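Chain residues, written in single-letter form:
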Amino acid sequence: MPEPRYDSARNVSRHAAATNEDCQRMAARYGWLLEDVEDTEDPVLPKDCVFKGKTEFPKAFNELAETEEDQD
Amino acid sequence: MEKFHNNPRKWIMFVGEGGKHVDQRLVIRQGITNIVAESYDSSGQGSPEPGCRPIEFVRIEADHDPSFHGWSTHYKTSDWVVDRVEEYPANMPGLQDFDEIVVCHCKYSPIDAELQPMPARIVSLDSFGGDQEAFDRWKEAQKEPVSV
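The listed protein sequences correspond, in order, to chains A and B. If you count by the working numbering, then the first sequence holds residues 1 to 72, one letter each, in order. If you count by the working numbering, then the second sequence holds residues 1 to 148, one letter each, in order.
Check the hints yourself; a few may be wrong.
What the hints assert, rightly or not - One side of the interface only, derived from the structure: several residues of chain A facing chain B at Cβ under 7 Å:
#1 Val-12
#2 Ser-13
#3 His-15
#4 Ala-17
#5 Asp-22
#6 Ala-27
#7 Arg-29
#8 Tyr-30
#9 Leu-34
#10 Glu-38
#11 Thr-40
#12 Pro-43
#13 Leu-45
#14 Asp-48
#15 Glu-56
Said to hold, decoys possible - In silico DSS-like cross-links for lysine-lysine, where the CA-CA straight-line distance does not exceed 30 Å:
#16 B:Lys-143 with A:Lys-54
#17 B:Lys-107 with B:Lys-3
#18 A:Lys-54 with B:Lys-139
#19 A:Lys-54 with B:Lys-107
#20 B:Lys-143 with B:Lys-107
Hints in this document: simulated from the structure, not taken from any laboratory. From a predicted model like this one, the values you see are computed outputs, not experimental measurements. Quick reminder that beta carbons are idealized off the backbone N, C-alpha and C, glycines included.
Using the sequences and the hints, build the whole thing.
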């Protein structure tokens, strides 16, 4: 049986956001698939946007992205 | 809003069918819904097909770190499988919030799916809705030593 074209279980990526609407805007702006929005305890960026796959910004924006792991 | 693509925007709902499995899982604001998953898709890929499964998010309390996680600690392939798909295109293409709404009717078919840990979150200018000053303040704050 051929593998379904749509398989949302491969991997996900998380982006911090201030609001649910920011998650929606990211998906619409960059052509991503928004799987989930979750609350966090971060007072500045209280939302987690969970997108399907390894999301990448257009090349000119790559240097603007930092993961929280980079801050350790 | 500047967009880097011309893909249609879809709201995809995965709707559970089958009685008790739905009632056990789904409560929103003290009401009950049979939506087992939903996504907002601007990727331009085709709609889900029968046989595929959405993602399910899981929280394992022993692994939960509030400084790292949102609600979920892991994700996995869902116990719900798509049985049939209905597509509802916009009646005013390009003038509505969504170009298409997709309803995926799902059957409950549990599997022993592997749990994947949630990845680290990415912070970018878009996290602040494009507010460069807020992003710069956040970056500066990450450099400040923690006083003890």
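Hints, verified against the model:
{"no.": "1", "hint": "Val-12", "result": "6 Å, holds"}
{"no.": "2", "hint": "Ser-13", "result": "6 Å, holds"}
{"no.": "3", "hint": "His-15", "result": "5 Å, holds"}
{"no.": "4", "hint": "Ala-17", "result": "5 Å, holds"}
{"no.": "5", "hint": "Asp-22", "result": "5 Å, holds"}
{"no.": "6", "hint": "Ala-27", "result": "5 Å, holds"}
{"no.": "7", "hint": "Arg-29", "result": "5 Å, holds"}
{"no.": "8", "hint": "Tyr-30", "result": "6 Å, holds"}
{"no.": "9", "hint": "Leu-34", "result": "4 Å, holds"}
{"no.": "10", "hint": "Glu-38", "result": "3 Å, holds"}
{"no.": "11", "hint": "Thr-40", "result": "5 Å, holds"}
{"no.": "12", "hint": "Pro-43", "result": "11 Å, violated"}
{"no.": "13", "hint": "Leu-45", "result": "6 Å, holds"}
{"no.": "14", "hint": "Asp-48", "result": "4 Å, holds"}
{"no.": "15", "hint": "Glu-56", "result": "10 Å, violated"}
{"no.": "16", "hint": "B:Lys-143 with A:Lys-54", "result": "27 Å, holds"}
{"no.": "17", "hint": "B:Lys-107 with B:Lys-3", "result": "36 Å, violated"}
{"no.": "18", "hint": "A:Lys-54 with B:Lys-139", "result": "23 Å, holds"}
{"no.": "19", "hint": "A:Lys-54 with B:Lys-107", "result": "28 Å, holds"}
{"no.": "20", "hint": "B:Lys-143 with B:Lys-107", "result": "49 Å, violated"}
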